[in-house]
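A.B. asks: Sequence:
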Amino acid sequence: MFAHHCRWIPGFSDKIRPLLDNKHVPLSEAAVKAIEAIKSDISKASLTAAVEDNIPFRVETDASKHAIAATLSQACRPVAFYSRTLNKSELYHSSIEKEAYAIVESHEILEALPYRQKL
1 MFAHHCRWIP
11 GFSDKIRPLL
21 DNKHVPLSEA
31 AVKAIEAIKS
41 DISKASLTAA
51 VEDNIPFRVE
61 TDASKHAIAA
71 TLSQACRPVA
81 FYSRTLNKSE
91 LYHSSIEKEA
101 YAIVESHEIL
111 EALPYRQKL
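Quick note: the sequence shown, position 17, residue 17 per full-length UniProt numbering, numbers continuous.
Quick caveat, the hints were computed from the structure, so don't treat them as lab data.
No experiment lies behind these values; they were computed from the predicted model shown.
Possibly wrong hints are sitting among the right ones.
[What the hints assert, rightly or not] For lysine to aspartate or glutamate, the following EDC-like pairs were computed, each having C-alpha atoms within a straight-line distance of at most 16 Å:
#, residue 1, residue 2
1, Lys98, Glu36
2, Lys65, Glu29
3, Lys65, Glu99
4, Lys33, Asp62
5, Lys15, Glu29
6, Lys65, Glu97
7, Lys98, Asp41
8, Lys33, Asp21
9, Lys15, Asp41
10, Lys39, Asp14
11, Lys15, Glu36
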């Protein structure tokens, strides 16, 4: 998801380099700092994106082993974010079930935002 928003992050290539150089888990301190810096930049990019009534929204979702997430975008610019950690029973769901759950839950959450058009 980082790469999708890279055009609004100044110096993205330099900022992500520690992640690309990191080949081991746990992540190095430099890699963790790079993640935090990029997350901060993406959040700032969403704050500067004004919502336009005539441009359609796009919801992108993702699910991992432990969490689900979504980004609400307009003209490829992030407008809102949603994520949460899966509970104990949800951790046992299959990948496709987690992906489907991310779609359904993020739609319910993001549709409640005060925008005038449907997602």
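A.B. asks: Just to be careful, I want the Cα atoms of Lys39 and Asp14 compared with a cutoff of 16 Å; is the pair within it?
C.D. replies: 14 Å, holds
A.B. asks: With a cut-off of 16 Å on the C-alpha distance, tell me whether Lys65 and Glu29 pass.
C.D. replies: 23 Å, violated
A.B. asks: Sort out whether Glu36 lies within 16 Å of Lys15, counting only the CA atoms.
C.D. replies: Cα-Cα ~10 Å, so holds.
A.B. asks: Within 16 Å, alpha carbon to alpha carbon, are Lys33 and Asp62?
C.D. replies: 23 Å, violated
A.B. asks: Would the pair Lys98 and Glu36 pass a check requiring their Cα atoms to be no farther apart than 16 Å?
C.D. replies: 25 Å, violated
A.B. asks: Sort out whether Asp21 lies within 16 Å of Lys33, counting only the CA atoms.
C.D. replies: Distance of about 13 Å is within 16 Å: holds.
A.B. asks: For the pair we were handed, Lys65 and Glu99, check the Cα-Cα distance against 16 Å.
C.D. replies: 10 Å, holds
A.B. asks: Is the straight-line distance between the alpha-carbon of Lys98 and that of Asp41 16 Å or less?
C.D. replies: 27 Å, violated
A.B. asks: Verify the proposed pairing of Lys65 with Glu97, using a straight-line Cα cut of 16 Å.
C.D. replies: Status holds; Cα separation ~11 Å.
A.B. asks: Taken at face value, is the distance from the CA of Asp41 to the CA of Lys15 at most 16 Å?
C.D. replies: 10 Å, holds
A.B. asks: Is the hinted pair Lys15 and Glu29 satisfied, with a Cα-Cα distance of at most 16 Å?
C.D. replies: 13 Å, holds
The structure does not agree with the numbered hints 1, 2, 4 and 7 stated previously, though it agrees with the rest.
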